[in-house]
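Q: What follows is each chain in one-letter form.
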Amino acid sequence: MLNHRIVLLILGLLLVVEGVFMLLTSVVSLIYGEYDLPYFLVSALICISIGGLFYLTNKNTDKSIGKREGYIVVTLVWLVFSFFGLLPFWLSGAIPSFTDAFFETMSGFTTTGSSILNDIEALPHGILFWRSIIQWLGGMGIIVLSLAILPILGVGGMQLFVAEVPGPVPDKLHPRIADTAKRLWVIYLSYTAVETILLWIGGMTLFDAVCHSFTTMATGGYSTKQASVAFYDSAFIQYVIIIFMFVAGVNFSLSYAALHGKFKAVIKDEEFKYYTLITVFVSVLVAVVLYFSGDVPHVEQAFRDALFQVVSLITTTGYATADYMIWVPTISIIMFMLMFVGGSAGSTGGGIKVVRIVLLIKNAYYELKRLVHPNAIIPVRYNSRAVSSPILTNILAFIVIYMATVGVSMVIMSVMGFDLDSSIGAVATCLGNIGPGLGEFGPASNFAAVPDFGKWFLSFLMLLGRLEIFTVVLILTPYFWKN
Amino acid sequence: MRIIIAGAGEVGTHVAKLMCNANHDVILIDDNAERLQQMEAHFDLMTIVGSVSSIDDLKSANVESCDLFIAVPPYEELSIMSAILAKKLGAKVTIARINNYEYLLPENKEFFQQLGVDQLIYPEELAAKEIMTSLKRVGIRQQIDFSDGQLILYAIKVRENAPIVNKTLAEVGEIHSQKLYNIVAINRDGETIIPRGNESFKHNDLAYFITTPEGTQQLMTDAGKEQFDIKNVMILGGSRIGKKVAQRLEDDYNVKLIEIDKEKSNRLADELERTLVINGDGRNLELLKDEGIKKMDAFVAVTANSEVNILACQLAKKMGVRKSVAEVENMDYIDLAENVGIGTLINKKLIAASYIYRYTVKARVSHVKCLTTSKAEVLELVASDDSKIIKGRLSEIKLPKDVNVGGIIRNGQAIIATGNTQIMPNDKVVIFAMPSGIRKIEKMFN
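Chain order of the listed sequences is D and L. Sequential numbering of the first sequence, starting at 1, is according to my numbering. Sequential numbering of the second sequence, starting at 1, is according to my numbering.
Next up, chain D with everything else stripped away, as it sits in the complex (with noise of 0.2 Å):
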């Protein structure tokens, strides 16, 4: 039987833990004396006391998390962070559509950065800052986080963390998981910080600089201006960006073996190598055709330029210096498929993941030398130890149903209306959490045309993404919950 009472002890929990962000971003509207403070206070009030009344009356339950329970409390996480989150844009005005205000903080939690807003500048401080922390907490994971601050989940962590941690198996940096998610945040926090100095340093405001730095290293994309980084014509400005990004979208046990001065664990390590060799070819690539098709004249700005959103679009950010959509048809097929790939596993990128893509393409290539020798054992080699079929079978199912999933969700945006370009753009942009689509989704344009069917369908992909497919899938699956 699902023990629903520890599922609703975990929910209140978090809920409260919510409410805490709320009033720390209450503060930001409180130093700029602008007119959503009390919408802040509100909505942390009403978190704060549904989720202490679902903790208090829950309080006394049987502490042990199964694995239904596990997929359950993750997936109800994000929709309840989700409906709660949106309090603050919807109470306050600020996006006066529920459907709109929903859409913007899903989009928001799982690092997506899409939105349906159009004039961004226009909003109070706090509103902005809520968009960027929102994506901050989604980007290392809200179970991550929850491990590591609330100590009641030690029993039956491991079953939550590996629903939310993005890869085919998750890595330890320590044998206790809540040390392990201390270690995680620890090494996001910093980054952010490292990156808010720098971005200070180049020019921006303190207050841009924080919020950029929570949306880069969450590879969300959510920028407090409407023209995205194109805003800050400023090289060291955007090279930072990209330095950062290509960071969050590094797995974070690597940064963790890295600061540790194990520098030979990095280079050695064969998803790093992928990751590396193709955000360098493709971005080369581009630059030369920006170069040479007279897109961009200018040598560093083509090279600037072709890096920039090929970090962004590898690392799922979705930042934009340059509306790729207007550049020759070549570049944008790239871009497309540079949806797909995503960042290394444990990282905060989303998309299919660099590993997964690697070990499929081996498998691919291998699956021909055993035509040649039909007896012969060849084992598919990842960081020189060979890859146990059972992972193999996952990964290769879940880039089914991820195709899958693509396929039949172009077909039901197009019977709302949109051309090829725009549905699979949109489609590819939101299961893979990035940001900008193709056509009218592109990285000049947003998604406030989208009706809200729409809008709740992409919502979903979005989700289905952040928790990469089989977590929601699985909850929906009649077997699941049979005894």
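What the hints contain is simulated information worked out from the structure, not anything from laboratory work. Heads up, some of the hints might be wrong.
[What the hints assert, rightly or not] Below are the DMTMM-like pairs computed for lysine to aspartate or glutamate, each with C-alpha atoms no more than 20 Å apart in a straight line: (1) L:K129 / L:E250; (2) L:K87 / L:D118; (3) D:K268 / L:D335; (4) L:K256 / L:E273; (5) L:K129 / L:E329; (6) D:K182 / L:D57; (7) L:K295 / L:E307; (8) L:K59 / D:D171; (9) D:K262 / L:E102; (10) L:K375 / L:E442; (11) L:K136 / L:D148; (12) L:K225 / L:D297; (13) D:K268 / L:D57; (14) L:K202 / L:D335; (15) D:K63 / L:D281; (16) D:K182 / L:D25; (17) L:K318 / L:E273; (18) L:K375 / L:D189; (19) L:K17 / D:D179; (20) D:K67 / L:D148; (21) L:K129 / L:E102; (22) L:K88 / L:E76; (23) D:K264 / L:E64; (24) D:K262 / L:E64; (25) L:K440 / L:D427; (26) D:K67 / L:E34; (27) L:K391 / L:D335; (28) L:K401 / L:D385; (29) L:K136 / L:D297; (30) L:K375 / D:D62; (31) D:K264 / L:E442; (32) D:K264 / L:D281; (33) L:K92 / L:D25; (34) D:K63 / L:E40; (35) L:K87 / L:E76; (36) D:K262 / L:D56.
[Claimed, not checked] Simulated DEER-style distance windows between Cβ atoms: (37) L:V49 / D:I267: 21 to 31 Å; (38) L:D335 / D:Y479: 30 to 40 Å; (39) D:S384 / L:P74: 31 to 41 Å; (40) L:N100 / D:R385: 33 to 43 Å.
Yeah, the Cβ is synthetic: ideal placement off N, Cα and C, and Gly gets one too.
For chain D, the structure is supplied; the task is to place chain L on it using the hints.
A: Below, chain L alone, put in the same frame as chain D:
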């Protein structure tokens, strides 16, 4: 404390579970990925797939920063090798499991320490010792000696015929003018309770008493256990434990050992001079009758199969054997076996675990013992000058409610604890603690 356990066999996984529940940082190394996955899914620990004797794999487990390295792989050579490597790589304390009695001899201790193996454990040897203790005194389920037997913990099954049954603890305390024993815990229906004065004994309770050698006689009388001497012992199963027990018993007792395997029987007959080795199936009642099971005083079942051991002991009980001992390695059977009335249960994993456990307790501890039939532990802790425990009489200081103080050894003199007892520095205090209370009581001694 950071603990690395090399080898996820029966002992390894059991120790890992224990350490995890005691909130230590546990890293488990084994070459079997499947077994590790099982453990990782259920316990909060880190696993590393690799060889326990590979320097690279040990390094990836951060062996240089570990406080305790426990080597329990399937082979003795591997175990010693692994411990040596770990020590050289920087592990603070290393423990290795062995299967060879020679290594345990005092004269070899220094040799192993020079190699880098600080402690050796030989679970079979420890199990044999425990069986020996249980045979010396009948009517008790488990006996643990503290400070060379100055204080003794007895686990006794209270039956209807006991004078103390249906009396409350307070009433029992009034029977004798001087306090001769302390009731530290009662195991009832699989649950361990720390009793207060108003708790009464019920039929079939497994009660834990702490007493002195002088109090033992009175305790046995009160608990309705009459004493008799064991002369004839039948051992079922020529396993390492069976052989060890036979070796120790054969000089003073009449010992018969039944072993199903012909080859093994021959070897045993060669090694055991005064034991009668019988080649046959111990589950065969005719064979047991032929070998005079009815005249036996004790029956020790130590085959590799827990089910066989439990059933054979049942059979022996039915034939009138008064003392039965069964090796039960399957943890899920322990409660069951306890309920069907088998005298003493032996579990190698638990024995090894309690031996290892003492290295993980921070307070000055001289003895730790896990109980077979309860999750609780008995610890012998040493009070120091600034321990919180010496700040007042036991009734005045706030003891955790999942902990009971049994007795004290002061300058070699045993004292049964009462509410008026005042603990002094350097006292050895015997404490019965539920797992939830161990940390709390540890703090009171630090």
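Q: The structure should be examined with respect to each hint, and the outcome stated for every one.
A: These are the hints, each one checked on the structure:
The hinted pair formed by K129 of chain L and E250 of chain L meets the criterion: a straight-line CA distance of about 14 Å does not exceed 20 Å. Pair hint K87 of chain L plus D118 of chain L holds up; C-alpha atoms about 9 Å apart against a cutoff of 20 Å. With a C-alpha separation of about 51 Å, the suggested pairing of K268 of chain D with D335 of chain L is violated against the 20 Å cut-off. With a C-alpha separation of about 12 Å, the suggested pairing of K256 of chain L with E273 of chain L holds against the 20 Å cut-off.
For the suggested pair K129 of chain L and E329 of chain L, the alpha carbons sit about 17 Å apart, so the restraint of at most 20 Å is met. Of the supplied pair hints, the one linking K182 of chain D and D57 of chain L is violated, its CA atoms being roughly 25 Å apart against a limit of 20 Å. Distance hint between K295 of chain L and E307 of chain L is unfulfilled; the C-alpha atoms sit about 24 Å from each other, more than 20 Å. As the CA atoms of K59 of chain L and D171 of chain D are separated by approximately 17 Å, the hinted pair is consistent with the 20 Å bound.
Restraint check: the Cα-Cα separation between K262 of chain D and E102 of chain L comes to about 43 Å, which exceeds 20 Å; the hinted pair is violated. A C-alpha spacing of about 17 Å is found between K375 of chain L and E442 of chain L, which places the hinted pair at or below 20 Å, so the restraint holds. Proximity of K136 of chain L to D148 of chain L is assessed by CA-CA distance (about 15 Å); at most 20 Å being required, the pair is judged to hold. Under the criterion of a C-alpha separation no larger than 20 Å, the hint pairing K225 of chain L with D297 of chain L is consistent with the structure, at around 15 Å.
For the suggested pair K268 of chain D and D57 of chain L, the alpha carbons sit about 16 Å apart, so the restraint of at most 20 Å is met. For the hint linking K202 of chain L to D335 of chain L, the alpha-carbon distance of about 18 Å falls within 20 Å, and the restraint holds. Pair hint K63 of chain D plus D281 of chain L does not hold up; C-alpha atoms about 47 Å apart against a cutoff of 20 Å. About 14 Å separates the Cα atoms of K182 of chain D and D25 of chain L, which keeps this hinted pair within 20 Å; it holds.
This hinted pair does not check out: K318 of chain L and E273 of chain L have alpha carbons roughly 30 Å apart, beyond 20 Å. Restraint check for K375 of chain L and D189 of chain L: satisfied, since their Cα atoms lie roughly 13 Å apart, inside the 20 Å limit. For a cut-off of 20 Å, the pair hint linking K17 of chain L to D179 of chain D stands: about 18 Å separates their Cα positions. Our distance criterion of 20 Å between C-alpha atoms is broken by K67 of chain D and D148 of chain L, whose separation comes to about 49 Å.
Only pairs whose Cα atoms come within 20 Å are accepted, and K129 of chain L paired with E102 of chain L is accepted, the gap being roughly 16 Å. A C-alpha spacing of about 19 Å is found between K88 of chain L and E76 of chain L, which places the hinted pair at or below 20 Å, so the restraint holds. A hinted pair counts as satisfied when its Cα atoms are at most 20 Å apart, and K264 of chain D with E64 of chain L qualifies at roughly 18 Å. Taking the CA atoms of K262 of chain D and E64 of chain L, the gap is near 15 Å; set against the 20 Å cutoff, the hint holds.
A C-alpha spacing of about 19 Å is found between K440 of chain L and D427 of chain L, which places the hinted pair at or below 20 Å, so the restraint holds. With a C-alpha separation of about 18 Å, the suggested pair K67 of chain D and E34 of chain L falls inside the 20 Å cut-off, and the hint holds. Distance restraint check for K391 of chain L and D335 of chain L: the Cα-Cα separation of roughly 39 Å exceeds the 20 Å cut-off, and the hinted pair is therefore not satisfied. Note on K401 of chain L and D385 of chain L: the hinted pairing is violated, with a Cα-Cα distance of about 24 Å set against a maximum of 20 Å.
Between K136 of chain L and D297 of chain L the alpha-carbon distance is near 11 Å, which keeps this suggested pair within the 20 Å criterion. Between the alpha carbons of K375 of chain L and D62 of chain D the distance comes to roughly 19 Å, so the proposed pair stays at or under 20 Å and holds. With a C-alpha separation of about 42 Å, the suggested pair K264 of chain D and E442 of chain L falls outside the 20 Å cut-off, and the hint is violated. In summary, the hint linking K264 of chain D to D281 of chain L is not supported, as the alpha carbons are separated by about 60 Å, beyond the 20 Å threshold.
Proximity of K92 of chain L to D25 of chain L is assessed by CA-CA distance (about 15 Å); at most 20 Å being required, the pair is judged to hold. Proximity of K63 of chain D to E40 of chain L is assessed by CA-CA distance (about 18 Å); at most 20 Å being required, the pair is judged to hold. A distance of roughly 17 Å separates the Cα atoms of K87 of chain L and E76 of chain L; the hinted pair therefore holds under the 20 Å criterion. Only pairs whose Cα atoms come within 20 Å are accepted, and K262 of chain D paired with D56 of chain L is accepted, the gap being roughly 14 Å.
Hint check: V49 of chain L to I267 of chain D, Cβ distance near 22 Å, so the stated range 21 to 31 Å holds. Between D335 of chain L and Y479 of chain D the Cβ separation comes to about 33 Å, which falls inside the hinted range of 30 to 40 Å. For the pair S384 of chain D and P74 of chain L, the supplied restraint of 31 to 41 Å is violated, since their beta-carbon distance comes to about 26 Å. Between N100 of chain L and R385 of chain D the C-beta distance comes to about 35 Å, which sits within the given range of 33 to 43 Å.
Hint check: violations occur at hints 3, 6, 7, 9, 15, 17, 20, 27, 28, 31, 32 and 39; the rest are consistent with the structure.
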